[in-house]
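Our numbering numbers the first residue of the sequence shown as 1 and each following residue consecutively.
Take the hints with a grain of salt, since some may be wrong.
Said to hold, decoys possible - Below are the SDA-like pairs computed for lysine to any residue, each with C-alpha atoms no more than 20 Å apart in a straight line:
{"id": "1", "residue 1": "K120", "residue 2": "V153"}
{"id": "2", "residue 1": "K91", "residue 2": "S118"}
{"id": "3", "residue 1": "K120", "residue 2": "E200"}
{"id": "4", "residue 1": "K139", "residue 2": "R49"}
{"id": "5", "residue 1": "K2", "residue 2": "R36"}
{"id": "6", "residue 1": "K120", "residue 2": "D150"}
{"id": "7", "residue 1": "K139", "residue 2": "L76"}
{"id": "8", "residue 1": "K2", "residue 2": "S141"}
{"id": "9", "residue 1": "K120", "residue 2": "W158"}
{"id": "10", "residue 1": "K139", "residue 2": "V34"}
{"id": "11", "residue 1": "K139", "residue 2": "R109"}
{"id": "12", "residue 1": "K35", "residue 2": "I58"}
{"id": "13", "residue 1": "K35", "residue 2": "G142"}
{"id": "14", "residue 1": "K139", "residue 2": "L54"}
{"id": "15", "residue 1": "K2", "residue 2": "K139"}
{"id": "16", "residue 1": "K35", "residue 2": "S60"}
{"id": "17", "residue 1": "K125", "residue 2": "A26"}
{"id": "18", "residue 1": "K125", "residue 2": "Q140"}
What the hints assert, rightly or not - Simulated restraints, written as ranges between beta carbons of each label pair:
{"id": "19", "residue 1": "G142", "residue 2": "E10", "range": "17 to 23 Å"}
{"id": "20", "residue 1": "V34", "residue 2": "T223", "range": "42 to 48 Å"}
{"id": "21", "residue 1": "S11", "residue 2": "N157", "range": "26 to 32 Å"}
No wet-lab data here; the hints were simulated from the structure. For each residue, glycine too, the CB sits at the ideal point set by N, CA and C.
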Amino acid sequence: MKRPDRYFLESFGDAEEGDVVSLDAAQSAHALKVKRRLAGSEIELFDGRGNLALGRIIDSSSKNQLAARIESIAVLATPPLGIHLVTAIPKSDRMETLIDMVTQLGAVRITPVIFERSVKLTGSKRTERWGRVAIEACKQSGINFIPVIDVPVLLHNWLTDNEISLAGRRWLADPAGEPVMHRLYPKCPLTQTVVIIGPEGGLTPNETERLHAVGYQSVALGTGILRIEAAAIAFATLVASERTT
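With the hints as constraints, model all of the structure from the sequences given.
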């Protein structure tokens with residue numbers, strides 16, 4: 001049976017079965033202009049925070065606002081495992097590729113970090129665009145929890161706020177580190193894995209020393225030096241695979 005098209009509804013509010021909800025202009029345009037859905041079509045709605053509903057279009061007359069009646073609604077449990085990526089920002093639009101891919105793999109949080117050797121950042125609306133990329137990745141993949149995407153922050157400031165509070169494994173991507181598979185087994189019940197991925201120029205000795213001092217263990221994915229987004233996808237895949245065992 002074919003799964004109905006998925007659309008993002010920013011807030012379910014107090015919606016219940018039988019209530020009518022409206023999609024925003026972007027989601028309505030996608031349903032009506034791209035998918036060419038008409039009144040009577042079944043759709044799936046999600047808010048990225050675990051609320052999921054099946055609905056049926058009841059009004060497709062407006063190209064800017066689609067109305068649907070909720071037929072069933074469910075609240076999903078938060079996944080027990082996830083990855084928090086603390087990552088340098090790749091050049092060009094490769095950050096969008098990173099966010100797209102790791103969202104599909106169930107990342108729970110993405111923190112863009114500015115290291116001493118990070119590339120210069122441009123564009124004030126990048127975090128807003130990254131959020132849209134994450135929503136589209138959830139729509140396509142069936143993921144029901146949109147990762148939190150933080151505004152870019154200096155490594156020093158991020159560590160100052162998070163040295164003690166983060167639970168779970170702490171990994172630092174490092175080609176010279178211990179093979180990551182040695183850190184995966186034996187498995188233990190954890191709520192998250194925090195992985196730090198440095199810039200293309202690598203971390204400075206001071207940055208590496210400080211991260212080791214607060215519990216981050218250098219781990220390697222192989223003998224090669226990966227691009228930022230490749231490392232992020234690989235680590236996210238490893239953590240996602242643990243949820244299937």
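The hints, checked one at a time:
Pair hint K120 plus V153 holds up; C-alpha atoms about 13 Å apart against a cutoff of 20 Å. Proximity of K91 to S118 is assessed by CA-CA distance (about 10 Å); at most 20 Å being required, the pair is judged to hold. Taking the CA atoms of K120 and E200, the gap is near 12 Å; set against the 20 Å cutoff, the hint holds. This hinted pair checks out: K139 and R49 have alpha carbons roughly 13 Å apart, not beyond 20 Å.
Simply put, K2 and R36 have alpha-carbon atoms about 16 Å apart, close enough for the 20 Å limit, and the pair holds. Proposed proximity of K120 and D150 is supported: the alpha carbons are some 18 Å apart, at most 20 Å. The hinted pair formed by K139 and L76 meets the criterion: a straight-line CA distance of about 16 Å does not exceed 20 Å. Restraint check for K2 and S141: the C-alpha separation of about 14 Å stays at or below 20 Å, so the hint holds.
For the proposed pair K120 and W158, the alpha carbon gap of about 18 Å is at most 20 Å, so the pair holds. Proposed proximity of K139 and V34 is supported: the alpha carbons are some 14 Å apart, at most 20 Å. Among the hinted pairs, K139 with R109 is consistent with the structure: their alpha-carbon atoms are about 17 Å apart, no more than 20 Å. A hinted pair counts as satisfied when its Cα atoms are at most 20 Å apart, and K35 with I58 qualifies at roughly 16 Å.
A hinted pair counts as satisfied when its Cα atoms are at most 20 Å apart, and K35 with G142 qualifies at roughly 17 Å. Taking the CA atoms of K139 and L54, the gap is about 14 Å. The hint holds against a cut of 20 Å. A distance of roughly 15 Å separates the Cα atoms of K2 and K139; the hinted pair therefore holds under the 20 Å criterion. Restraint check for K35 and S60: satisfied, since their Cα atoms lie roughly 12 Å apart, inside the 20 Å limit.
Between K125 and A26, the direct Cα distance comes to roughly 18 Å. Compliance with the 20 Å bound is thereby established for this hinted pair. Between K125 and Q140 the CA atoms are separated by roughly 23 Å; this puts the pair beyond 20 Å, and the hint is violated. Roughly 19 Å separates the CB atoms of G142 and E10, a value that falls within the hinted 17 to 23 Å. In this structure the hint that V34 and T223 lie 42 to 48 Å apart at CB holds, the actual value being about 44 Å.
For S11 and N157, the hinted distance range of 26 to 32 Å is satisfied, since their beta carbons lie about 31 Å from each other.
Checked against the numbered hints above, the structure violates only hint 18.
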